[in-house]
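Q: Chain by chain, the residues:
Number of protein chains: 2
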Amino acid sequence: MPKLRQDPATRLWSIIATERRKRPDDFVRHDEAAESLPSYDENCPFCPGNESKTPEPVFSVSDPEAGAAGKWSVRVVPNKFPALVRPDGEGDTTRRVRKCMYLEMDGTGEHEVVIETPDHSKTLATLSEDEVTMVVRTYRDRFLALDKSPWNQMIIIFRNQGEGAGTSLVHPHSQIIGTPVVPEEIRRRLDASQRYYDDLGTCVYCDILDYEIKEKTRVVCSNSGFVALCPFASAVPFEVWILPRRHASSFGVLSDGEIPLLGKMLRDVLQRMYRLLGNPDYNYVVRSAPHHSAGEPHFHWYVEILPRLTTRAGFEIGSGININVVVPEDAAEQLRKAG
Amino acid sequence: MPKLRQDPATRLWSIIATERRKRPDDFVRHDEAAESLPSYDENCPFCPGNESKTPEPVFSVSDPEAGAAGKWSVRVVPNKFPALVRPDGEGDTTRRVRKCMYLEMDGTGEHEVVIETPDHSKTLATLSEDEVTMVVRTYRDRFLALDKSPWNQMIIIFRNQGEGAGTSLVHPHSQIIGTPVVPEEIRRRLDASQRYYDDLGTCVYCDILDYEIKEKTRVVCSNSGFVALCPFASAVPFEVWILPRRHASSFGVLSDGEIPLLGKMLRDVLQRMYRLLGNPDYNYVVRSAPHHSAGEPHFHWYVEILPRLTTRAGFEIGSGININVVVPEDAAEQLRKAG
Numbered sequence: 000m001p002k003l004r005q006d007p008a009t010r011l012w013s014i015i016a017t018e019r020r021k022r023p024d025d026f027v028r029h030d031e032a033a034e035s036l037p038s039y040d041e042n043c044p045f046c047p048g049n050e051s052k053t054p055e056p057v058f059s060v061s062d063p064e065a066g067a068a069g070k071w072s073v074r075v076v077p078n079k080f081p082a083l084v085r086p087d088g089e090g091d092t093t094r095r096v097r098k099c100m101y102l103e104m105d106g107t108g109e110h111e112v113v114i115e116t117p118d119h120s121k122t123l124a125t126l127s128e129d130e131v132t133m134v135v136r137t138y139r140d141r142f143l144a145l146d147k148s149p150w151n152q153m154i155i156i157f158r159n160q161g162e163g164a165g166t167s168l169v170h171p172h173s174q175i176i177g178t179p180v181v182p183e184e185i186r187r188r189l190d191a192s193q194r195y196y197d198d199l200g201t202c203v204y205c206d207i208l209d210y211e212i213k214e215k216t217r218v219v220c221s222n223s224g225f226v227a228l229c230p231f232a233s234a235v236p237f238e239v240w241i242l243p244r245r246h247a248s249s250f251g252v253l254s255d256g257e258i259p260l261l262g263k264m265l266r267d268v269l270q271r272m273y274r275l276l277g278n279p280d281y282n283y284v285v286r287s288a289p290h291h292s293a294g295e296p297h298f299h300w301y302v303e304i305l306p307r308l309t310t311r312a313g314f315e316i317g318s319g320i321n322i323n324v325v326v327p328e329d330a331a332e333q334l335r336k337a338g
Numbered sequence: 000m001p002k003l004r005q006d007p008a009t010r011l012w013s014i015i016a017t018e019r020r021k022r023p024d025d026f027v028r029h030d031e032a033a034e035s036l037p038s039y040d041e042n043c044p045f046c047p048g049n050e051s052k053t054p055e056p057v058f059s060v061s062d063p064e065a066g067a068a069g070k071w072s073v074r075v076v077p078n079k080f081p082a083l084v085r086p087d088g089e090g091d092t093t094r095r096v097r098k099c100m101y102l103e104m105d106g107t108g109e110h111e112v113v114i115e116t117p118d119h120s121k122t123l124a125t126l127s128e129d130e131v132t133m134v135v136r137t138y139r140d141r142f143l144a145l146d147k148s149p150w151n152q153m154i155i156i157f158r159n160q161g162e163g164a165g166t167s168l169v170h171p172h173s174q175i176i177g178t179p180v181v182p183e184e185i186r187r188r189l190d191a192s193q194r195y196y197d198d199l200g201t202c203v204y205c206d207i208l209d210y211e212i213k214e215k216t217r218v219v220c221s222n223s224g225f226v227a228l229c230p231f232a233s234a235v236p237f238e239v240w241i242l243p244r245r246h247a248s249s250f251g252v253l254s255d256g257e258i259p260l261l262g263k264m265l266r267d268v269l270q271r272m273y274r275l276l277g278n279p280d281y282n283y284v285v286r287s288a289p290h291h292s293a294g295e296p297h298f299h300w301y302v303e304i305l306p307r308l309t310t311r312a313g314f315e316i317g318s319g320i321n322i323n324v325v326v327p328e329d330a331a332e333q334l335r336k337a338g
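One line per chain: the protein sequences are W and R, in this order. Sequence positions in the first sequence follow numbering that gives the first Met the number 0 and run 0 to 338. Sequence positions in the second sequence follow numbering that gives the first Met the number 0 and run 0 to 338.
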């Protein structure tokens with residue numbers, strides 16, 4: 000009998016379809032595309048030497064080993080084809096227009112690309128701990144920088160790995176977008192955790208963390224700062240959340256001491272997926288409270304990693320209920336063994 | 000400058016990214032897979048002669064031209080690998096269990112497959128008007144049948160066309176699932192239209208229909224019963240809604256007289272997409288009110304057709320804001336010309 004499980008934080012339901020259960024092997028991709036990429040591609044706009052093909056960087060970490068001028072290990076540039084555009088001057092945050100029955104506004108915001116390494120052939124799972132830590136530090140610093148712009152209501156940090164996850168460029172990179180609205184889907188998540196807090200006086204994510212650490216079956220790995228777990232109502236097979244042990248609603252408060260702990264854990268989880276599922280396509284997003292909710296006691300930032308092993312189809316679109324063919328406890332067990 | 004547009008019914012935002020604008024040609028698939036399929040495949044469980052490979056049909060339309068016993072033109076069978084399972088007896092609609100901090104329940108419901116034609120090589124766009132009308136009649140009749148089961152809170156009718164839309168079997172078919180819960184995503188949609196009704200005293204979908212008919216730019220085609228349009232805040236390129244002119248929140252009230260009008264329009268819209276976009280992958284869903292909201296004045300059922308031309312990636316997942324690279328007015332114009 001399949002089970003319906005509800006995520007207490009978002010009130011979203013997932014169907015855990017045990018009758019359709021699959022083993023990790025069924026998902027493993029057997030092409031070795033990532034391994035066979037060259038470490039340099041002269042046509043890649045993100046490769047060293049092609050810096051002129053991207054807009055001027057807004058941030059850059061120079062390579063401590065190279066020493067020579069112009070060598071970098073992480074580089075952040077404005078997206079050449081931005082989804083949202085930095086406004087002139089201070090921006091006008093009230094530029095929403097009623098068009099008869101509709102609401103429309105200028106697509107102001109920010110859209111940056113984090114080039115994670117000069118090496119074209121790598122991915123986060125195959126970078127060193129220090130390199131992934133540098134990427135996490137870059138996320139935190141750019142988050143704080145973009146969070147200062149009055150036109151950004153929310154900062155979304157995300158990564159699309161592989162064509163099935165929507166990547167157009169293979170060179171390792173993540174993206175950061177600042178949005179001028181808090182959309183309904185996010186408001187709904189915030190409302191759900193707010194209601195939980197109003198009822199019980201605790202953060203639902205803190206409670207999940209306490210419960211899962213005791214329960215153990217869904218925990219993948221942990222360190223002194225973070226816990227990685229397969230959520231009870233996982234929307235997709237091998238979904239993993241990396242939750243900070245310390246309560247904070249905004250990613251921006253990530254401390255210098257926590258950065259290497261998150262870098263280490265992010266790499267560890269992605270390496271487990273890489274081994275178990277054969278370098279799968281995935282998306283991850285840093286779920287953080289909007290700017291004006293940064294101090295709220297009810298929300299708790301985390302990293303949500305979603306392997307793209309199955310296709311969201313008509314039922315999921317029409318019902319808002321996900322069908323997940325792998326039991327989260329089984330996914331966690333497999334990921335624990337893949338360490 | 001990209002525009003952010005809000006759907007007044009769901010309060011969901013879409014980014015209309017004009018700088019990333021694409022022409023229909025950029026989406027056209029140039030494989031001719033559908034044309035080259037055989038009209039019969041001996042290994043296909045949905046082909047005539049293989050009826051024993053599916054569970055016993057719950058509904059069947061015999062072929063008026065064949066006359067011979069056993070010949071059918073539409074056939075509905077329980078899904079052999081159901082996402083939700085029909086309970087024994089009357090079912091127990093209160094079988095929700097608190098597992099410490101989580102909610103879990105048995106996955107009871109219903110999952111049927113509508114085999115739309117005996118011809119393996121067809122798709123709705125290449126069936127006759129009468130054949131598509133028969134499919135629509137089957138939807139209505141099965142909707143009414145499933146809506147009687149006390150364990151079904153919502154009936155979702157949907158179709159996945161092509162691998163990119165999540166199909167595993169190519170033989171033309173749709174699916175119907177009855178769910179034991181009204182999930183948060185649907186409740187949010189209902190709440191949004193309820194609030195609109197509470198404020199203005201009218202159905203937001205009726206207002207959209209009135210406005211769009213006058214405005215014309217987003218209308219694809221219309222007949223005496225239905226209007227097809229590209230919604231103002233389309234989530235994906237070439238998204239089309241088919242709205243009944245007559246207000247009704249539940250698909251179950253579709254009248255005998257309206258059935259051929261919907262069949263004709265559904266085929267017309269899918270044919271336009273087939274021509275313009277080269278037999279694209281798509282999902283469609285019939286968005287209908289849950290069982291207990293069937294009489295509500297604020298919701299309005301419709302068919303939502305979503306071509307799968309782009310990939311939902313990290314930003315969409317993290318923000319709940321869609322990025323759509325085709326302006327809905329342009330999509331509507333192209334679809335009008337493809338008639």
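By construction, these hints were calculated from the structure, which means they are not laboratory data. From a predicted model like this one, the values you see are computed outputs, not experimental measurements. Incorrect hints may have been included.
Chain copies aren't distinguished; within one or between two, either way the pair holds.
Below, simulated BS3-like cross-link-like pairs (lysine-lysine); rule was C-alpha separation at most 27 Å, straight line [claimed, not checked]: (1) Lys336 <-> Lys147; (2) Lys2 <-> Lys263; (3) Lys98 <-> Lys215; (4) Lys98 <-> Lys79; (5) Lys79 <-> Lys147; (6) Lys213 <-> Lys70; (7) Lys79 <-> Lys263; (8) Lys79 <-> Lys121.
Q: Reference check for the pair Lys98 and Lys215, CA-CA at most 27 Å: within, between, both, or neither?
A: Classified as between: cross-chain Cα gap 15 Å, same-chain 53 Å, threshold 27 Å.
Q: State whether the alpha carbon distance between Lys98 and Lys79 is at most 27 Å within one copy, between copies, both, or neither.
A: neither (30 Å within a copy, 49 Å between copies)
Q: Between copies, within a copy, both or neither: which fits Lys79 and Lys147 at Cα up to 27 Å?
A: Within one copy only: 22 Å inside, 54 Å across.
Q: How do Lys79 and Lys121 come out at 27 Å by Cα distance, when the copy is not named: within, between, both, or neither?
A: within (22 Å within a copy, 42 Å between copies)
Q: How would you classify Lys213 and Lys70 at a CA-CA limit of 27 Å: within, between, both, or neither?
A: neither (46 Å within a copy, 59 Å between copies)
Q: When Cα atoms must be at most 27 Å apart, do Lys79 and Lys263 count as within-copy, between-copy, both, or neither?
A: neither (31 Å within a copy, 44 Å between copies)
Q: Quick one: Lys336 to Lys147, C-alpha cut-off 27 Å, is that within a copy, between copies, both, or neither?
A: Neither: 42 Å inside a chain and 47 Å across chains, both beyond 27 Å.
Q: Checking an output row: Lys2 and Lys263, CA cutoff 27 Å. Within, between, both or neither?
A: neither (34 Å within a copy, 39 Å between copies)
Of the numbered hints stated above, those contradicted by the structure are hints 1, 2, 4, 6 and 7, listed in ascending order.
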